[in-house]
Amino acid sequence: MTTTSVAPQSRIDLVRVAEMVEPRARVLDVGCGDGALLRLLAETREVDGRGMELSQRGVNDCVAKGLSVIQGDADTDLADYPDDAFDYVILSQTLQATRQPRVVMEHMLRIGRRAIVSFPNFGHWRIRAQIAFKGRMPVTENLSHSWYDTPNIHFCTIRDFVALTRQIDARIESSAALNSQGYPLQVSLPWWAWNLLGEQAVFLLRRKR
Amino acid sequence: MGGHNPNLTSGANEADAPHSFVLRLGADRPLPMDAGVTLAPLSIAYQTYGALNNTKTNAILVCHALTGDQHAANRNPVTGKNGWWETMVGPGKPIDTDRFFVICANVVGGCMGTTGPASTNPATGGVYGLDLPLVTIADMVRAQAMLVDHLGIDTLFCVAGGSMGGMQVLQWAAAYPERVYSALPIATSAKHSSQNIAFHEVGRQAIMADPDWRNGRYLAEGVNPAKGLAVARMAAHITYLSDSALQRRFGRKLQDRTARTFSFGADFQIESYLRHQGSIFVERFDPNSYLFMTRAMDYFDLAADYDGSLARAFKDSKTRFCVVSFTSDWLFPTSDSRALVHALNAGGASVSFVEIETDRGHDAFLLDVPDLIATTRGFIDAAARTRGIAPAPASSGL
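Heads up: the sequence lines are chains X and G, in that order. Residues in the first sequence are numbered from 140 upward in steps of one, following the numbering used here. Residues in the second sequence are numbered from 21 upward in steps of one, following the numbering used here.
To be clear, the hints were calculated from the coordinates, so they are not data collected in a lab. Ideal placement from N, C-alpha and C gives every residue a C-beta, glycine not left out. It cannot be assumed that every hint is accurate.
[Stated by the list, open to error] To give a feel for the contact side, a few chain X residues facing chain G, derived at Cβ under 10 Å:
1. A175
2. N199
3. V208
4. D214
5. D219
6. Y220
7. P221
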């Protein structure tokens, strides 16, 4: 799912995600694609990493590289994991491609002590401008699919996401909005500015008791 | 192909005097069996490839399938053909004999030198026949553990196998989790399905319906229920292949003729092919052993030994698993592997799962399927790195 949702060169969120993970943690990467994040985590954080990926090609590539990855669908297969099996469950650039983002997030916070979610921000000014001025569904460099063939069926803005974290009783431990180069915007900016200027967002969540 | 080579031994001789190493365990080391009895003395015929390292951490146990044997990576003394897993085992292969010490043993109940129904029963001086207690997958694995003990190996780096071999892999991982560093079950299941039991029953009935079977006493009476065993093999062989592969290879093509003969001769190539498969099989396999092997698979239900919970069988397992299935395998379909993977995940085990796209059916695990080779190589190499096993000397081919 990750492999198709965003062009590969735009995976600017991986390094930010990796920075949020404590060394030697147990990590499940949902929608791990070709295993780029798992490898980054193994190399820089010495994590005990596992992956789940929808595309069989991605899974085969990962296993051939020596990663522990299973073929699976975030929407259906997370339910099979026991509670507290991991320190972190990561969903990078995949939330918008799930059928039930809220259920997926709830499972992540059940399976892992923490969850890290990165997603493209549909509130970015370029996207808003395309709808406002062209009257067309937005197509950008990072989100290059047309409306009729996109795997991304559940876009949200940063504010939408924050609202969802409240509904599912998740605490935001840290967060970052990234510009198109992958650099974080100033932390002191208000939410509305992140929501307007951030091309992507990364959230580190923890379940409230 | 099916022609008899005078330089080769017959299968019957192999049962008591195999062309391989044999571990002979006396009455002081009986094999406890699930049937509630013990088996002694016990012979275990096995082959090894490569060398055990000083720390004894590089041993890989390869488990054979229903009609396989210990000759995984050498010329088979009965058929004269290559070992059954030479695509996977050998110098520079994924299970690299330049790097690993590879063990493959004939299973209990087999007919290639490990105690089975064609072996001589020391209590009577005749062959066991049906006097051999029914053998289970757990019995086979318990005997393998005695062999591994004998070889001075505490922990196996990997246990690998397909089909019935995969069942042994799962049984190893469940029964001896601390002795299995990594496990590679291929095209297998944690329990035999109703459909698979049904196919096996057809094969057994074919053997037992042969008048020469003589209630299993054919060796003593100097006959051989070859017709029955051949039919059993023909029926089973269909289940190892996919519909599309049969269609592609044989279709409705006629055998050595241009028109139908309006008879029951082998008009179609597929008929001729199956008859050939049946006829070469009976030259190398003991009919009673076929009954025992199929029964062992039928009885396999790993979860049943753990209060019905497969996850409990693998609870807190430290073993690294790589489960492999094939898209066109309808005997052990991907859904079986997926159930296994779910249980491993629920048990908290480290698991990879690869479904390989191929039209070669269940038999794909024995064949040169590039994705299978690459998957195995990646899994074994990664596990060997974490286990600290030295790479193969640079001279070996990759």
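Hints versus structure:
1. A175: violated (16 Å)
2. N199: Check passed: Cβ of X:N199 comes within 5 Å of chain G, closer than 10 Å.
3. V208: Because about 6 Å separates X:V208 from the closest Cβ in chain G, which is inside the 10 Å limit, the hint holds.
4. D214: Hint violated; X:D214 Cβ to chain G Cβ min 15 Å, cut 10 Å.
5. D219: The hint holds - X:D219 has a Cβ within 10 Å of chain G, the shortest such distance being about 5 Å.
6. Y220: holds (6 Å)
7. P221: The hint holds - X:P221 has a Cβ within 10 Å of chain G, the shortest such distance being about 6 Å.
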